[in-house]
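**Student:** For this one, chain A is given, so just place chain B on it according to the hints.
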Amino acid sequence: MAALPRRIIKETQRLMQEPVPGISAVPSETNARYFHVIVTGPEDSPFEGGLFKLELFLPEDYPMSAPKVRFITKIYHPNIDRLGRICLDILKDKWSPALQIRTVLLSIQALLSAPNPDDPLANDVAELWKVNESEAIRNAKEWTRRYAMDN
Amino acid sequence: MNENDDSNSRKSELDCAVCLQKCNHPTQLPCGHVFCFLCVKGIAFQSKKCAMCRADIPPTYLDNPILLGTKDEQDNINTTLEVNQWFYEGRNGWWKYDERSNSELESAFNAGEPDCTLLLAGTLYNIDFQSMTQVRRSDQTRRRRVRRDTPMFPSKGIAGIKTDDSTARQVKSDDEESPDVVHVPIEEEIIEISDDEGNVHIEPDITLQDDVSHVTEAIRSVSLEEPNVSRSLNREDT
Numbered sequence: 001m002a003a004l005p006r007r008i009i010k011e012t013q014r015l016m017q018e019p020v021p022g023i024s025a026v027p028s029e030t031n032a033r034y035f036h037v038i039v040t041g042p043e044d045s046p047f048e049g050g051l052f053k054l055e056l057f058l059p060e061d062y063p064m065s066a067p068k069v070r071f072i073t074k075i076y077h078p079n080i081d082r083l084g085r086i087c088l089d090i091l092k093d094k095w096s097p098a099l100q101i102r103t104v105l106l107s108i109q110a111l112l113s114a115p116n117p118d119d120p121l122a123n124d125v126a127e128l129w130k131v132n133e134s135e136a137i138r139n140a141k142e143w144t145r146r147y148a149m150d151n
Numbered sequence: 001m002n003e004n005d006d007s008n009s010r011k012s013e014l015d016c017a018v019c020l021q022k023c024n025h026p027t028q029l030p031c032g033h034v035f036c037f038l039c040v041k042g043i044a045f046q047s048k049k050c051a052m053c054r055a056d057i058p059p060t061y062l063d064n065p066i067l068l069g070t071k072d073e074q075d076n077i078n079t080t081l082e083v084n085q086w087f088y089e090g091r092n093g094w095w096k097y098d099e100r101s102n103s104e105l106e107s108a109f110n111a112g113e114p115d116c117t118l119l120l121a122g123t124l125y126n127i128d129f130q131s132m133t134q135v136r137r138s139d140q141t142r143r144r145r146v147r148r149d150t151p152m153f154p155s156k157g158i159a160g161i162k163t164d165d166s167t168a169r170q171v172k173s174d175d176e177e178s179p180d181v182v183h184v185p186i187e188e189e190i191i192e193i194s195d196d197e198g199n200v201h202i203e204p205d206i207t208l209q210d211d212v213s214h215v216t217e218a219i220r221s222v223s224l225e226e227p228n229v230s231r232s233l234n235r236e237d238t
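Keeping their order, the protein sequence lines are chains A and B.
Letter by letter, the first sequence follows residues 1 to 151 of my numbering.
Letter by letter, the second sequence follows residues 1 to 238 of my numbering.
It should be emphasised that the hints constitute simulated quantities derived from the structure, not laboratory data.
Heads up, some of the hints might be wrong.
[Claimed, not checked] Straight-line alpha carbon distances no greater than 25 Å define the calculated DMTMM-like cross-link-like pairs of lysine to aspartate or glutamate that follow:
1. A/Lys10 x B/Glu106
2. B/Lys49 x A/Asp89
3. B/Lys22 x A/Glu60
4. A/Lys94 x B/Asp15
5. A/Lys10 x B/Asp115
6. A/Lys53 x A/Asp124
7. A/Lys53 x A/Glu142
8. A/Lys10 x B/Glu99
9. B/Lys49 x A/Glu142
10. B/Lys48 x A/Glu60
11. A/Lys94 x B/Glu113
12. A/Lys94 x A/Glu29
13. A/Lys92 x B/Asp139
14. B/Lys162 x B/Glu106
15. B/Lys48 x A/Glu18
16. A/Lys130 x A/Asp118
17. B/Lys49 x A/Glu60
18. B/Lys48 x A/Asp93
19. A/Lys141 x A/Asp119
20. B/Lys49 x B/Asp63
21. A/Lys10 x B/Asp15
22. B/Lys22 x A/Glu18
23. A/Lys74 x A/Glu135
24. A/Lys92 x B/Glu99
25. A/Lys10 x B/Glu113
[Unchecked claim] Some chain A residues flagged as far from chain B (calculated, every beta-carbon gap over 12 Å):
26. Pro42
27. Glu48
28. Asp118
29. Glu127
30. Lys130
31. Val131
32. Asn132
33. Arg138
34. Lys141
35. Met149
[Said to hold, decoys possible] Chain B regions said to be covered by chain A (calculated; three or more residues, Cβ under 8 Å):
36. 36-46
37. 149-155
Quick reminder that beta carbons are idealized off the backbone N, C-alpha and C, glycines included.
Chain B on its own, in the form it takes in the complex:
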């Protein structure tokens, strides 16, 4: 059983410690730890600390995040060019969903499911395929239009990482082994962090409190079970 620890530490070099998957748009915090871009967004808004070492994340970090471009990522992008692309509406245009969310949306859509739930930057969103809208589950007033289109449809970038100025692309097409550091300015917060009036309101603590208060209550009153929430694990594992 002790060998497990070894395999854990080896895995953690490849996987993001927050989502436990391969780093998607690897992003490096000032302390040096690397996570997916969307995972960094999640922790930057919620705990505001690095998930590995608890070093504070500067409030301005997301204005100028350090993205590590790798060849793997390049391959990832090429793959997604062959499939349909999902977009969500931002202030002055559309953003592509990140590659991983895109494939989840695509498989739910192709399976004929009415909607798809995504965990984006630490928050659950429901994407309804009938109305083609994305709604934050904890706040139904946070609503955005979504669309399914060809990858060529004009967009501002991927998941809040602005790429239409091609700066990032140039770096990513380099064949160097070591990751390049790219400073990509983020024009607009993705996923409901700023609303369309431009008011930035994050309030993670309040939202969080609201979200879990019923759970806390449930714990105090002995039983936590919510029988209506059922989903086979195997089914999810595709």
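Next comes chain A alone, as it looks inside the complex:
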């Protein structure tokens, strides 16, 4: 049994009462530290029109350490690998306890708008993104259509 720190309760309530447009984060019924997340693909990105499922877990020492976040929906992105792991500095060494679930998810949504192939996690994707961006974007749109729509 673990009590839930007040900070997590506050964040959860605010996520419910004032949801971020394009982002939904709902705690699991069995574990209040585990969130089911859906992020909509940003407009004017190859992910537009897609609904991407993620999972977010708040470790015991949150907010001193960052939430663990992973894409569940397959996504073609140079900074997200085939297991859904995300290369994002604020989830690693740039984490600050003043960041919150909502700011983390906004950053992930922003990462979809601004892929960074120079700091890759999925090497093959990043490589293609650098040498043939239009084909990479075509792939990303195709994956979005195939995996992130109608599910």
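**Tutor:** Same frame as chain A, but now just chain B:
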């Protein structure tokens, strides 16, 4: 929806950005940002950077933290004098728990719960009411005695802020609107930061790694759910 941003920034002037509650013993870092004393302790040991601007926190900062005494805080202390006070054992005496932790302990105790979990300075502790001990959840060997007594029971101070020399009290009883800056020396690290042999060992990175490694593994193996950890949100929100 855009108005939310406005209300956020207004709230952040009152609330500590780490715990998202009203600043408890507001403490100012050299960069000027203010957090609860215990929140400052947490970030000073873990990231060692300000949570707002990432400015480095000097390693010696906690030897001489800048506490901002306000009238609000004075009121806060008066309120807690009317209730039972919880203490944890330090090297040469007892420390009071901070006001917020005290009220959480008190309500768990009065509700007949067997124990209470507190997030103190970024670390989870379990206070067991049967054995009257406080144990760090990530390291069960870190154990301290606790007691529930009248607020008059002699103590070294509140949550590691030494107040028995009354320096801080004098400042806090001033009626000035603007916060006073008090340099309060901390005699002993609170909450298991130094053990009773006087060896200071903080090792935040190692502990952190140990704590979350199973979680990281869990993420890699697709499911994170720990069904045994369940607690209604509404119930917690008192």
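**Student:** Provide an ascending list of the numbers of those earlier hints which the structure does not satisfy.
**Tutor:** 9, 11, 12, 15, 24 and 37
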